[in-house]
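Asks: Residue numbers (the working numbering), protein chains in the order written: chain F, 1 to 292; chain G, 1001 to 1327; chain B, 2001 to 2310.
Bear in mind the hints are in silico, worked out from the structure with no lab data behind them. It is possible that some hints are incorrect.
[What the hints assert, rightly or not] Derived DMTMM-like pairs: lysine to aspartate or glutamate, alpha-carbon spacing no greater than 25 Å straight-line:
#, chain 1, residue 1, chain 2, residue 2
1, G, 1009, F, 121
2, F, 188, F, 121
3, F, 272, G, 1134
4, G, 1010, F, 129
5, B, 2032, B, 2181
6, G, 1010, F, 121
7, F, 272, G, 1259
8, G, 1009, F, 129
[To be verified] Computed from the model, here is a short list of chain F residues facing chain G with C-beta under 8 Å:
#, residue
9, 134
10, 136
11, 142
12, 156
13, 261
14, 264
15, 275
[Stated by the list, open to error] Where chain B lies over chain G, by a calculated footprint (3+ residues, C-beta under 8 Å):
#, region
16, 1101-1111
17, 1310-1322
Every residue, glycine too, gets a C-beta built ideally from N, C-alpha and C.
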Amino acid sequence: MNLEVSRSSTLWSRVGLARQRVFDRRRQTLFLIVFCVLCLGVILTGSARAAVANQTNLSERNQAPSWAHPFGTDWLGRDMLLRTWSGLSLSLQVGFLAALFSSLIGLLIGLTAATLGGAVDAFFSWWIDVFLSLPHMVVLILLAFVSGGGLNGVVISVALTHWPSLARVIRAEVYQVRSADYVQLSAKLGRSSFWVARHHILPHIWPQFLVGLILLFPHAILHEAGITFIGIGLSPHQPAIGIILAESMRHLSTGYWWLAVLPGAALLVMVKLFDILGENGRALLDPRTAQE
Amino acid sequence: MNILRYLIKKLLRLILLLFTISVLSFTLVSLSPIDPVQAYVGAEMMRIGPEQRQRIAERWGLNDPPVVRYMRWLSSLMRGDLGTSAIYNQPVSQVIRQRFFTSLGLMGTAWVLSGVLGFLLGVLSGARAGSWVDQIIRFYAYLLASTPAFWLALLLLIVFAVFLKWAPVCCATPPGVLPEQVTFAQRLHHLVLPALTLSIIGIANITLHTRQKLITILNSDYILFARAQGENLFGLIWHHGLRNIALPAITLQFASISELFGGSVLAEQVFAYPGLGQATVQAGLRSDVPLLLGIVLFSTLFVFTGNALADILYHLIDPRIRLGVES
Amino acid sequence: MLEVRSLSIHFHRYARGLRRTVLTPVVDLDLKVSAGEVVAVVGSSGSGKSLLAHAVLGILPSNAHIEGEIWYKGQLLTPERQAAMRGRRIALIPQSVSFLDPLMRVGAQVLRAAQLSGKNRHSAAAQRAIFQRYQLPLEVERWYPFQLSGGMARRTLVSMAVVGEAELILADEPTPGLHPEVVQETLNHLRQLADEQRGVVLITHDIQAALQVADQIAVFYAGTTVEIAPVTAFSGKGEGLLHPYTQALWRSLPQNEFIPLPGMQPSPQDLPQGCLFAPRCPLATAECTAERPTMRAIAQNQVRCIHAQG
Ligand code: SF4
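Just chain F, same shape as in the assembly:
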């Protein structure tokens, strides 16, 4: 009788939300991924333009967006499109570095906690809790301050604040894989725990890690922009997107809206691209979520 219950409920939940259009969703997903990667690639080339982006041209100051300068120019006559482009590129690189470190920390802690279990697990779980119970922004400021600001400060602070959620995911995943029958069996067959980790656990963790890393990006970039914006990060000589926006603040009251609006919109688009990339990556790796 219980069979009947579970059967009917899975039937319902599976069919419940699947009223999407009928065409090949796998191809659509792949297309989106390729598209996002291309866009992000273009953004990344912006750092090569840093020198041009910093060129001042005092005869073309404070111009509203036009065909010649789609994003307008600033108070030094610098082209805002170029500045935004190189700023995004810089933010992307910083974000990438921070997200990479952060996900590695998450991976390491998640793996260690789950593999060693017991007191070690409790210890790390406590740390995960501690980090999750602090407001992100405050920790970011503290860490950026402690590590002396600058590029290092930004990377370190963002890296050290974003690992807990991924560590949790990885830890849960390892526990789940380890309790699976075939893994239990290998252990009973006398395989070393290293062998088990290498052959059974890592293959399962890998996709989770990758998706986790991609999904970390948007957060890392947003927080990087945030602390750069408040000025505890990069200096004005490193015009990341946060710096550009912070500088624009001084010129807001004069009505030069394009200084703030367009670079911010560009940042939003970039973050969204990463989001789409991560979500679609997850959909590809895990068809269960794709149904919703």
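Chain F is already provided as a structure; the job is to place chains G and B with the ligand on it using the hints.
Replies: Chains G and B with the ligand in isolation, oriented as in the chain F frame:
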């Protein structure tokens, strides 16, 4: 009896948490390359000779081993003495108290507004899942979920303060007016934009979660049975939906306090709103170590209280927990 | 009272790899219920019998695709008519307490059922009366579903269906994993309801329970009713049973020969072309796989088998 044990457990947890964080942040600060004397003295550093510097370090006990210094800091913490803020030249506890009350109005307004609006939007969107209303709401929430708070603040500032001139450009009170003479209306006028920023940002999360939860519930057995009794969509939501999504929504809204705090740091920066967020930034920028440590501890307490309240509320409201029966 | 004519239900869903598949859990189902009669729909667990009840009430999920006709008292049921009849003329008795709102007091839920059944002004009185009829103590009103014992939960669910004046009761697996006494009590309740001139459809996997109370038994296999026979046909060596599956089912019961039928029911995802039972049928011939057999009346039975004879 049960609830008492539960509260004690929570309290112990809080103490442990605060202790961990105090050790952690103190260690970090003492490892940092920043010279506290220089941070304190600031630009005057040039005029201070090495001996004088040494004397200051001596007086502050900076030459003692870190453990001794930590114990000293901790014992004054216990007495409620958080030290003196260098930039505001006031006891840290006083700075935090004043600033927190300024921020509280801002955060409270935003919290309530985003909670109510987000919940309503989520219900609307979940009830009509798949419709164009749902599409629009989801798109909006999805977009807002990754909108930088400070950029949104800038946008609102440009539109409402610079172009439309409906709202003031900065601060919590009109410039040049004595604090005693500021009217309530003026305060409100200055509060609108920052509060709006935080609410708009806060809506996304609660909307999406409420929507998801409502959809799950609308697919549940008891909704099926209610439909079999002839309940229509409105009745389903009114009699069963709201009852079942309200608790998770409230919990979520309490849990979002941490995000709200982060958002207020950025929003206060844009609007030059003299709250705790701005003080945090200043403490970081101008190396006010005692203030920064104080804020770290205080914000932990604040966020913890939020989460604990949600938890306690759950225990008080949910009959399955309140009447003490396993699931 | 109720007549279901070749009802089919299809679902579209996305399977692994994002491909689309079609499920057909109910195929060409026929069923007839008269007032004062308990008709049991008996089939193995997980064969989609509940969907029959949902289809009659018109509460299938929106992506379900329905073919066939459902008639109620000489009216063809349209979605609008179904909406008007749900809870008022046709009521459901669900499987378990999970069909009660976990956060709503039991009394309020019964009261709501009474209101929805059209007893607006007298609903409170109706709720009290039904509590009394089913021996539910008054304090249960203030309880939450999780506090109910198995028997009480059962009686609550029945009382919610009966608090109005529903003429047709659809009991969906009402006796899952209960104490024998509670099962007996529930079955008695159903019998009583039929004796009060209501039509009762008992959907169950438990043939013993069906034999106890039903007047007619409809045997459900792979989404359809293969045979509808009076309960008296289920006796002896099953001479009164005409469909090969029904016969095999009867023989497989412990009190009979206890010989299980080899093989499994086809999956609703790919049903056989012709007779749904053909892959397991000992009497299958080439004609059986050519076309789906239709329901034929033979003696007192309705049989869906081209080779069946009285
Ligand atoms: S129609 Fe043919 S296959 Fe189907 S039950 Fe009858 S004899 Fe068997």
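Asks: What's the verdict on residue 2032 of chain B and residue 2181 of chain B, does the C-alpha distance respect the 25 Å limit or exceed it?
Replies: 30 Å, violated
Asks: Report holds or violated for the interface hint on residue 136 of chain F, using the least CB-CB distance to chain G and a cut-off of 8 Å.
Replies: 5 Å, holds
Asks: With chain G as the partner, please determine if residue 156 of chain F meets the hint condition of a C-beta pair closer than 8 Å.
Replies: 11 Å, violated
Asks: How about the region 1310-1322 of chain G: do at least three of its residues have a C-beta closer than 8 Å to a C-beta of chain B?
Replies: Satisfied; 3 residues make the cut.
Asks: Please verify the coverage claim for the region 1101-1111 of chain G: does it have three or more residues whose C-beta sits within 8 Å of some C-beta in chain B?
Replies: Coverage by chain B is violated here, the residue count being 0 at a Cβ distance below 8 Å.
Asks: Can we keep the residue 142 of chain F interface hint, with Cβ of chain G closer than 8 Å?
Replies: Interface hint status for residue 142 of chain F: holds (6 Å vs cutoff 8 Å).
Asks: Check whether the Cα positions of residue 1009 of chain G and residue 129 of chain F lie no farther apart than 25 Å.
Replies: Holds, at roughly 16 Å.
Asks: Would you mind confirming whether the straight-line C-alpha gap from residue 272 of chain F to residue 1259 of chain G stays at or under 25 Å?
Replies: Holds, at about 19 Å.
Asks: For residue 1010 of chain G and residue 121 of chain F, compute the direct alpha-carbon distance and say whether it is at most 25 Å.
Replies: OK: residue 1010 of chain G and residue 121 of chain F at ~21 Å, within 25 Å.
Asks: Does residue 188 of chain F pair with residue 121 of chain F here, judged by a C-alpha cut-off of 25 Å?
Replies: Distance of about 23 Å is within 25 Å: holds.
Asks: Let me know if the C-beta of residue 275 of chain F comes in closer than 8 Å to any C-beta of chain G, holds or violated.
Replies: 6 Å, holds
Asks: Holds or violated: the hint that residue 134 of chain F contacts chain G, with Cβ atoms closer than 8 Å.
Replies: Holds, because the Cβ-Cβ distance from residue 134 of chain F to chain G comes to roughly 6 Å (cut-off 8 Å).
Against the hints set out earlier in the document, violations occur for numbers 5, 12, 16.
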